[in-house]
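Both chains are sitting in their own frames, so use the hints and assemble them into the complex.
Quick note, the sequences are listed as chains A and B, same order.
Each residue of the first sequence is one higher than the one before, starting from 1 at the first, in our numbering.
Each residue of the second sequence is one higher than the one before, starting from 1 at the first, in our numbering.
Don't take each hint at face value.
Taking lysine to any residue and the SDA-like style, the derived pairs with C-alpha atoms no more than 20 Å apart in a straight line are [unchecked claim]: (1) Lys226/A x Ile110/A; (2) Lys170/B x Phe367/A; (3) Lys268/A x Thr132/B; (4) Lys172/A x Val104/B; (5) Lys86/B x Glu366/A; (6) Lys84/B x Pro164/A; (7) Lys268/A x Tyr114/B; (8) Lys268/A x Lys84/B; (9) Lys170/B x Leu295/A; (10) Lys170/B x Pro365/A; (11) Lys172/A x Gly109/B; (12) Lys86/B x Ala162/A; (13) Lys84/B x Val166/A; (14) Lys84/B x Ser167/A; (15) Lys164/B x Gln160/A; (16) Lys149/B x Trp173/B.
No lab work stands behind these hints, which were simulated from the structure alone.
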Amino acid sequence: METIKHFINTIAAPKILFNIVVLSYLIIFPPFKFFQKIHDALGVRRLWTKKGGMAIFSLMFLAFAFGLTDGNFRLIVLKPDNVPIVALLFLVVFFVWLALHQAQDNDDAIAKGGKPKEWAESREKVLVFPDLVYIEFIALMIVAALLVVWAIGLPAPLEQAANPTVSPNPSKAPWYFLGLQEMLVYFDPWIAGVVFPTVILLGLMCIPYMDKNRKGLGYYTYQDRKTAINIFMFFWLVLWMFLISIGTFLRGPNWNFFGPFEYWDHNKLEALNNINLSELVYMIWLNQGLPSNILWREAPGFLILIVYFGLLPAILAKTIFKDLYARMGVVRYSIFAVLFLMALTLPIKMYLRWLFNIKYIVAIPEFFFNI
Amino acid sequence: MADIKPPVTNTSNTKAAANPAGDMDRRSFIKWSVVGWSAFVAVVAGYGSMVARYLFPNVLFEPVQTFRAGVPEDYEIGVSEQFKEKYGVWIVRDSEKIFALSTVCTHLGCTPNYLPVDQKFKCPCHGSGFYTTGINFEGPAPRPLERFKIYLSDQGEIIVDKTKKFQQEKGEWSDPESLIVV
Ligand code: FES
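Here chain B stands alone, though its shape is the one from the complex (with noise of 0.2 Å):
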């Protein structure tokens, strides 16, 4: 027990001043380390605390999720792509009713672009091809377009709300909010 028991306090700066190579005793070690240490934690904490930062924009960009698309009335049977550039959306009016396609592939998130020739939608990173009412028919994509809400509002204008999406795979395209009877 005896050999472990601390050196006696004072002593410990007369030796340091002894020690011809300049060795550190203990006291000095401890608070060399200290400093070092708390220098190093400050330094990586402050620069952690600036990555953080940079996780949270000061201004977030977010596209309106809901928008006015004009009335029934504006739109002929076939695609508009009007909306496509600004809200990621195609209105697409057939006979019966009117419908808002997502613009984004099912495969990997490409943007398709329609081909009012072929009367489809084909998507240029592997080819997919979609008819307009939003069915994949070829290529990889493994299922349909997606749908958004839409309806009309009291005053008759279409409203797109991109908040809620049908899918064909899940049934949901006979959902009454997923198109407007015209």
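Just chain A, same shape as in the assembly (with noise of 0.2 Å):
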């Protein structure tokens, strides 16, 4: 029993457990040639199947209850905060799985020149009144009686009076701005409270102007899809969804990470050292100060943020994103390859972080420029 524990607190490190959800994703939604042979290989297709999904849910419900008996960890997931995320990681894994079973059904209809289930529905016509408002109506009943149970169930908590020179320990943002606090953790405040909402908001909306593709229009489908689909889970479920859940169940006390079994201590610790990748490479590997001129200094960050931007794309689009580059044109792949390499700043700045505890690429905090 606590061999295992042991183990899973272990593989909960960051390092180690940001690995396994990256690869897991590589396997489910395979976004390169390589991974879906594994995915075939592996039969992946069968997690889609009614039983399929038996077996995900019972895995799901065994590792909670196993984890219930530990102290540590119930104290953190019965939380009247947390259970909402409890819920949460339940719900997401039920729609996916819902989504792709019923995405799955049709692309083998399609296959063999059937019809997805949905287009003799669709063609039927149905009135809003009452056909949808009847719905939406009892879906309205539905939850209004359970927020009530749930407020009277589970009270939000009272604390003390707000006082400025008082963060609570750890202070945490509600749950659905846990993956920025993440993504505070490893950038600027201006970056990431800033820069980044407003670019996923706009990357959002460009959506519907980037995706040409008018197949999948009405039906649930994964094939016609493909791209679209994996990348869109890469985002959501890895950089949003992982980050939420890390945010809740494996931050403590001075933002430290503890494993799912592990005591919240107030004095763990963690002996981190980082730098800025100017300092790495003048002090470290130059062996030498720093250059008094900020450019100068920060001359090797810029070299990459433009090697980044400027010509990563352009081999993107001549390797991996050929067939993209192909079908969305110039202007339109330029923009996807701009919010693409920005939203995987985030993943590498993790590892940056982790493997060479580096904090800024390029860092002036004279003029609170840090990237």
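As structure tokens, then:
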């Protein structure tokens, strides 16, 4: 028992867990041919059958029940604030499964020359009133009842009066912002708090203009919209849902990482010594002092940024995004590539921090400019 | 030109009276519009002024920016949290000087906690860590904690003046106003 818990605590360390999550993502939603082969070899498609769904859910419930036998786990998971996130974990998995289950049925039917299940249905007309309005009304009643019961059963905590000189430890944002808070661990507040949220919103608005694929309208499908779904799943599951769960369950006092069965010790010591890229280049590699000229000091970082945002899109267009480039055209592709690369900076910066202790690639605290 | 000539004024009343559908004539329409719009503007202006008034509080709570912090002999080597709650300042003494550190994290403004065991300040929001000197060494904080102006009064008392701050990245920490030599 203890060894299992210890093992789980060990692999819950971000460096390991993140790799596991990314790898499973690559196999389940394979963006590249190589992973597609593994995907086929492992028969991942069986996950989306009814049996597969049962298996996923039994596993999740079993793991959860096992966890509940542990005091530390119970303490975090059953905290009234965290109950919705536990529900969210199950709901996310359920709806992903449901969508892909229906998509797979349709894809199989289409492959046999048939029509998707929704085909006949979508031809038929229904009235907003009463058909839709009734359903909405019933949903409204159920949700309202649920919220009342919930609010009575798990009352919101009353805490002491706000005091600017006391920050609760750990200080957590509301759950839907925990992804952003996790981003703030790796970025300057300007970038993670202002630039990225704006870009995320703009990027979401861009989707209808980027994605010209007319297939998949009105029916569930995976095969017809593979690229779109794969890309979306990465950002939504790995960079949003996963970060929210980490922020909720694995971040403890002083924003340290704690395994699910670990006691939240306020004095846990994690010695980190983060440095900026400029310090790494000049002081450690070249073994000299930092240049006093800011631009010269940050030249390595700027160089990396120029290559990353200037050259990389072109290189990608010639290699792995070749088809995409041909389909999208220059303008669409460039916008897509920049958005895509920007989003990728998050995992990149996570790895830089974990592997090389690098804090900022370009660090000009003199002008609040840190990337 | 004749078509757009204004109607003869004194006919309007009789016209309105004669109008079976109760339509308004031009004159009363204008009259009622003026009444209606004035009322509307008055209400909006009234509420607007109340909102504007609301923006200026009756009592402005502004903590004093300058405070007395005892005499240098009160401080042992290390961090004093005495003034954290009230003024947002840590008084730090090392082997050669005393200085006043701001308790505002330079990342996003949370208040870090002092961990005496590890000899560091650790922010609960995103995990930035600072040495007792204020230098940032872990987590996302891009620059060291700020120091405040500190000096000895004529009576030999330590005075901390929060209106003036000293930032390490601007090379201001060597400024004699930012520390008391002991
Ligand atoms: S506010 Fe202190 S680490 Fe972000």
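A quick look at each hint next to the structure:
1. At roughly 15 Å between alpha-carbon atoms, Lys226/A and Ile110/A fall within 20 Å of each other, so this suggested pair holds.
2. The hinted pair formed by Lys170/B and Phe367/A meets the criterion: a straight-line CA distance of about 10 Å does not exceed 20 Å.
3. Distance restraint check for Lys268/A and Thr132/B: the Cα-Cα separation of roughly 18 Å lies within the 20 Å cut-off, and the hinted pair is therefore satisfied.
4. For the suggested pair Lys172/A and Val104/B, the alpha carbons sit about 17 Å apart, so the restraint of at most 20 Å is met.
5. For the hint pairing Lys86/B with Glu366/A, the CA-to-CA distance comes to about 29 Å; that exceeds 20 Å, so the pair is violated.
6. Proposed proximity of Lys84/B and Pro164/A is supported: the alpha carbons are some 10 Å apart, at most 20 Å.
7. Proximity of Lys268/A to Tyr114/B is assessed by CA-CA distance (about 13 Å); at most 20 Å being required, the pair is judged to hold.
8. Annotation: proposed proximity of Lys268/A to Lys84/B is violated, straight-line Cα distance about 23 Å (limit 20 Å).
9. Simply put, Lys170/B and Leu295/A have alpha-carbon atoms about 15 Å apart, close enough for the 20 Å limit, and the pair holds.
10. Only pairs whose Cα atoms come within 20 Å are accepted, and Lys170/B paired with Pro365/A is accepted, the gap being roughly 9 Å.
11. The hinted pair formed by Lys172/A and Gly109/B meets the criterion: a straight-line CA distance of about 14 Å does not exceed 20 Å.
12. Restraint check: the Cα-Cα separation between Lys86/B and Ala162/A comes to about 14 Å, which is no more than 20 Å; the hinted pair holds.
13. With a CA separation close to 9 Å, the supplied pair Lys84/B and Val166/A stays within the 20 Å bound.
14. A C-alpha spacing of about 12 Å is found between Lys84/B and Ser167/A, which places the hinted pair at or below 20 Å, so the restraint holds.
15. A threshold of 20 Å between alpha carbons decides the hint, and for Lys164/B with Gln160/A the separation of about 32 Å lies outside it, so the pair is violated.
16. With a CA separation close to 10 Å, the supplied pair Lys149/B and Trp173/B stays within the 20 Å bound.
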